[in-house]
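Chains as they are written, first to last, in the numbering used here: chain A, 1 to 166; chain B, 1 to 166.
Where hints are given, some of them may not hold.
Note: identical chains are not told apart, hence a pair may lie in one copy or across any two.
What the hints assert, rightly or not - Listed next, the in silico DSSO-like pairs over lysine-lysine satisfying Cα-Cα at most 30 angstroms (straight line): (1) LYS163 / LYS127; (2) LYS149 / LYS127; (3) LYS51 / LYS163; (4) LYS163 / LYS149; (5) LYS127 / LYS51; (6) LYS129 / LYS163; (7) LYS129 / LYS149.
Keep in mind the hints are simulated off the structure, nothing from the lab.
Chain by chain, the residues:
2 protein chains.
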Amino acid sequence: MTSHVDSQLAYRESVVPRDRGDVREIVESSGFFHDFEVDVAIELIDDALAKGERSEYLFVFAERDGRTVGYSCYGEIACTRGSYDLYWIAVREEHRASGIGGRLLAFTEERIAARGGRAIWVETSSKPKYEPTLRFYARAGYEIAAVLKDFYAVGDDKVVFVKRLG
Amino acid sequence: MTSHVDSQLAYRESVVPRDRGDVREIVESSGFFHDFEVDVAIELIDDALAKGERSEYLFVFAERDGRTVGYSCYGEIACTRGSYDLYWIAVREEHRASGIGGRLLAFTEERIAARGGRAIWVETSSKPKYEPTLRFYARAGYEIAAVLKDFYAVGDDKVVFVKRLG
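Isolated chain A (complex conformation):
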């Protein structure tokens, strides 16, 4: 696991127990996730805490002045060779629109490339609430690979983005 500093942001990849509370705060602060989704975010931290390097879930925590301000969670998709899923990326509400999300995403992409990842897949919703999310990925060079109509609910499509690496 590496640690890396990028203009006042430090990146940490090892998971520590206090990440449970920080991740809950970060994910809840975003206002983008349902309660059951917050629970899933914590379960993935618990999986990594319990299994260490055997966990299929990998993390990057972005820290500023010793405080965790955002994080990403990713992993190689089962039954694939080199396809990674970006399960989560979230930044504390009070730090949003400061560029942290884009830098955290770029660092996460570097880590995936270093592991031999060929492609990063991201799934999100087509609902108007997620327009900033769609713009975020488009700006970062992600392309829409598929739109699954009415997937989440009637009128709520699944949008699948992909970024090919290397």
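Following the hints, complete the assembly by docking chain B onto the known chain A.
Below, chain B without anything else, positioned relative to chain A:
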């Protein structure tokens, strides 16, 4: 849970311990699945045996003369309303090409519709080996919703089928 007879085929929806061995035999006999995928198939049976009706995995077992000749496993996809995933459908090798797969699929679709399912999603591989699988779903009225290029590996795309119900 219901039981239903359809021209020498009986359908059973409750999971019993001997399904562990039968599912392993059925899935291995097909020759379509890797060892780790066979393990996953058994884990889903174990989940249903342990949790009963609280399991998110639902099953249909097709029986002929008291023997389980095929099965399907499906469930509502997390975070969706009415989107179902058909995780598995497999028929014993010696009973293939006898129409059991199509009848088992049709019965499974009826059960999903009865639960209020709006759509059934199926994921498969684009590799030549799976051409019979692609034809099976096309014949059953499934449409290709997306093709995710090089998803499983270079040259091995993910094909997403959907069938809208009702």
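* Asked: Hint by hint, which ones does this structure get wrong, listed from lowest number up?
  -> 5
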